Amino acid sequence: MSNTSSIKLDRGERRKIMLTLNGRERTGYCESRDLLSDFVRHELGATGTHVGCEHGVCGACTVHVDGIAARSCLMLAVQVEGRRVDTVEGLAPDQTLGDLQQAFQRHHALQCGFCTAGILMSCADYLKRVPEPTETDVREMLSGHLCRCTGYTPIVAAVLDVAASRNRKEPEHA
Amino acid sequence: MKPAPFDYLRAATAHEALDALAHSGEDARILAGGQSLMAVLNMRLAQPRVLIDISRTADLEAVRIERDHLVVGAAATQGSVEWRASLRDEVPLLALAFPNISHFQIRNRGTVCGSIAHADPSAELPLVLSLLGGDVMLRSKKRKRTLKADDFFQGMLMTAREPDELIEAVRFPLKKAGERYGFTEFSARHGDFAMVACAAIVTDTSIRIAVGGVADRPVVEHWPHLKGDDLRGALNDLSWKLNAQDDAHVSATYRRHLVRQLGWRVIEEAK
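Chains as they are written, first to last, in this note's numbering: chain A, 1 to 174; chain Z, 1 to 271.
Bound conformation, chain A alone (with noise of 0.2 angstroms):
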């Protein structure tokens, strides 16, 4: 993260960045005071990320930046120059669903999906970090969603399910 140049954007001021959005390398305009939750949907046209509370409280708006989750509501776009970017479409990239979202499907961890993409990519990055998660670590982890439909049961169900396959398949996880 280090070898960072500054940078300097008067307010009204629009400023092209590029990023690498989902693998892939994007360009788009931003003011000083743009959200990257915003930037991501109207600039990028990534529309998978949603943005419920835009104060960091529901988690609906969840993205990885150099693949660490984060609140894209309490980021703002020129902050991700020359920054990796990954929202919910990059865990289908070729247009089949991941792990997760299989696993998502089979328990029914969604109803109305609203705050399913940010779940989503919290977990893709707790569970690198914690293969062998128990219940209550991912309840924990959970805690920084709100699901209005599903009582989190199902959605707890389903992460424990992927942590479970993932570790049969390899039993030499890092």
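Among these hints, one or two may not hold up.
As the list claims (entries may be wrong) - Here are the simulated DMTMM-like cross-link-like pairs (lysine to aspartate or glutamate), alpha carbons at most 20 angstroms apart as the crow flies:
| hint | chain 1 | residue 1 | chain 2 | residue 2 |
| --- | --- | --- | --- | --- |
| 1 | A | Lys8 | Z | Glu16 |
| 2 | Z | Lys2 | A | Asp10 |
| 3 | A | Lys8 | Z | Glu26 |
| 4 | A | Lys8 | Z | Glu162 |
| 5 | Z | Lys2 | A | Asp38 |
Because the hints were derived from the structure by calculation, they are not lab data.
Quick caveat, the model's predicted, so the values are computed rather than measured.
Once you have looked at the hints, place chain Z on chain A.
Using the frame of chain A, we list chain Z on its own:
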């Protein structure tokens, strides 16, 4: 809900950030992790003229051991400290406190120094820094100074930081032999603001307890190694001394109850 317009500066070095602070002073806000500030900007509760972004300022990112302290730079995220494999041996109280701070996704970006600078009376990191007797290292273009946590926190969201100063780092004393630690808090849901948070350091001869979420800043008490009714009495005195107030979430009576109960629990846990 979008921020009001502002001039944005991404500082490549701490020097650059300090120059900008010297120039803009009270019109500027430092943006580190943004997990409190961005929400405040989105709701337009603050409308600074200038935002100085230090989140990618390389010389402020370091987390290192310096003699008997863990020194955490201004741009270091809570996640980067929490996931440190050696944290439990270095500053065990931090390891106990982190899971209580908001959520995993927020700690990924929120900074340690940002929470200290924000000085929310219910926040966990100011409580831990106060109890451990840690330091806040401030720097402006003109001077450097180091303040004890107690002198730094001055009231609700109020600190001793001058407008041209940056919290360059905070430092937490490392674990000491014979000290045992406890942390607990109560909130409506996991990750919500604590109604009351308690941390304690217990040795064979002493108890140090800190309470957050009640007074306008963390309050630390030093006691001998009290037990039984003496300890209950001391906790009751403390619960009244904190001058709890009613608010939309909790009554003063319930806050006093929580201080007595959580205080007892955290000391038992640390014993």
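- Query: Within 20 angstroms, alpha carbon to alpha carbon, are lysine 2 of chain Z and aspartate 38 of chain A?
  - Reply: holds, 10 angstroms
- Task: Given the hint that lysine 8 of chain A pairs with glutamate 162 of chain Z, test it: the Cα-Cα distance must not exceed 20 angstroms.
- Result: violated, 24 angstroms
- Keeping to a limit of 20 angstroms between CA atoms, is the pair of lysine 2 of chain Z and aspartate 10 of chain A held or broken? Given that 20 angstroms is the threshold and the Cα spacing comes to 17 angstroms, the pair holds.
- Query: Would the pair lysine 8 of chain A and glutamate 16 of chain Z pass a check requiring their Cα atoms to be no farther apart than 20 angstroms?
  - Reply: holds, 11 angstroms
- Keeping to a limit of 20 angstroms between CA atoms, is the pair of lysine 8 of chain A and glutamate 26 of chain Z held or broken? Holds, at roughly 19 angstroms.
Comparing the model with each numbered hint stated earlier shows that hint 4 is the single one that does not hold.
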